[in-house]
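J.: Position 5, counted from 1, in the sequence shown is what this note's numbering calls 5; the numbers after and before it change by one each time, with no gaps.
Calculated from the structure, these hints are not laboratory results.
Note that the Cβ used here is the ideal one computed from N, Cα and C, for glycine as well.
Worth double-checking, as some hints may not be accurate.
Said to hold, decoys possible - So the derived label-pair ranges between C-beta atoms look like this:
#1 P31 - Q204: 19 to 25 Å
#2 T77 - A189: 35 to 41 Å
#3 P31 - Q92: 25 to 31 Å
#4 P11 - Q92: 19 to 25 Å
#5 N142 - T77: 28 to 34 Å
#6 E96 - Q14: 30 to 36 Å
As the list claims (entries may be wrong) - Listed below are the simulated EDC-like cross-link pairs for lysine to aspartate or glutamate, each with C-alpha atoms no more than 20 Å apart in a straight line:
#7 K27 - E168
#8 K74 - E53
#9 K132 - D176
#10 K27 - D175
#11 K151 - E110
#12 K74 - E15
#13 K132 - E195
#14 K132 - E143
#15 K151 - E53
#16 K132 - E190
#17 K132 - E110
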Amino acid sequence: MFINIHSHQPPAAQEWCIQNLYNDFDKADLPGNYSIGIHPWHLDAANWPQQIEALGDWCRHPHVLAIGECGLDKVCTTSFSLQQQVFSAQVQSANEIGKPMIIHCVRAWEEVLHLLKQQRNRVPVIFHGFNKNRAIAQRIINEGYYVSFGKSLEKMAIREVLAALPPEKIFLETDDAGVTIESIYHWAAEAFSIEINSLLLQIQKNAATVFGAALVQL
């Protein structure tokens with residue numbers, strides 16, 4: 001069973017998948033595993049209190065396994081101060097209900113880590129779609145958090161970053177890329193120089209650590 005920690009599509013065969021919803025949170029009523037969050041790209045400056053309210057209404061749903069993707073993005077046009085305010089609110093929500101977070105971060109690593117510390121975060125955190133250098137990845141792991149890789153593993157430079165990290169601190173994902181989770185696992189197994197079955201078992205252990213009873217179907 002392939003663990004796909006972050007996808008914008010329903011699960012494929014032989015895949016345990018967390019499907020992301022950045023709006024239409026009521027879709028979490030459908031069978032499946034979901035993450036819901038207010039993404040910086042989709043933050044409505046005029047109606048963000050209503051977005052927070054909707055998040056609060058749905059984040060306790062049993063099909064919702066994580067809050068996110070949420071975070072900070074210095075490239076998008078959304079006010080950065082508003083992003084920080086809404087991200088802080090989501091960290092608070094995740095800690096109140098005790099669910100992990102899936103983080104979107106673009107050029108704001110220190111700010112995200114600072115706000116997590118400022119809000120006294122106690123839940124597991126996964127930085128998704130990682131495609132940066134080893135130093136940033138190690139900084140995240142040193143804080144006790146996880147790093148998730150996707151299509152960027154096509155690049156040998158990113159495989160080298162992955163290979164330098166402890167396997168117990170990584171996840172794999174498809175995000176919205178047109179690539180299968182199996183392909184991503186093959187790239188990752190090649191990076192670690194291990195059999196794909198060994199990688200499957202390791203990431204299942206990682207997921208059990210973060211999501212616990214939600215993995216009973218495995």
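J.: Starting from the range 30 to 36 Å, see whether the pair E96 and Q14 falls in it by beta-carbon distance.
T.: About 35 Å separates the Cβ atoms of E96 and Q14, which means 30 to 36 Å holds.
J.: Has the given pair, K132 with E190, been kept, meaning a C-alpha gap of at most 20 Å?
T.: Holds, because 19 Å separates the two Cα atoms, which is no more than 20 Å.
J.: When you check the alpha-carbon spacing of K132 and E143, does it fall within 20 Å?
T.: Since the Cα atoms of K132 and E143 sit roughly 17 Å apart, the hinted pair holds (cutoff 20 Å).
J.: For the pair we were handed, K132 and D176, check the Cα-Cα distance against 20 Å.
T.: Within the cut-off at roughly 18 Å; holds.
J.: Would the hint linking K151 and E110 be met if the CA-CA limit is 20 Å?
T.: violated (24 Å)
J.: Quick check on a hinted range of 28 to 34 Å for N142 and T77, using CB atoms only.
T.: holds (32 Å)
J.: Hint check: K132 vs E195, CA-CA at most 20 Å. Holds or violated?
T.: Outside the cut-off at roughly 25 Å; violated.
J.: Holds or violated: K151 with E53, Cα cutoff 20 Å?
T.: The given pair, whose Cα atoms are some 33 Å apart, is violated under the 20 Å limit.
J.: CA of K27 to CA of E168, is that 20 Å or under?
T.: The hint is violated at about 31 Å.
J.: Take a look at whether the Cβ-Cβ distance between T77 and A189 falls inside 35 to 41 Å.
T.: Between T77 and A189, where Cβ atoms are some 39 Å apart, the hint holds.
J.: Given the hint of 19 to 25 Å, check if P31 and Q204 actually sit that far apart at their C-beta atoms.
T.: Holds, since P31 and Q204 (Cβ atoms, about 21 Å apart) stay within the stated range.
J.: Does D175 lie within 20 Å of K27 when you go C-alpha to C-alpha?
T.: holds (18 Å)
Checked against the numbered hints given earlier, this structure breaks hints 4, 7, 8, 11, 12, 13 and 15; the rest are met.
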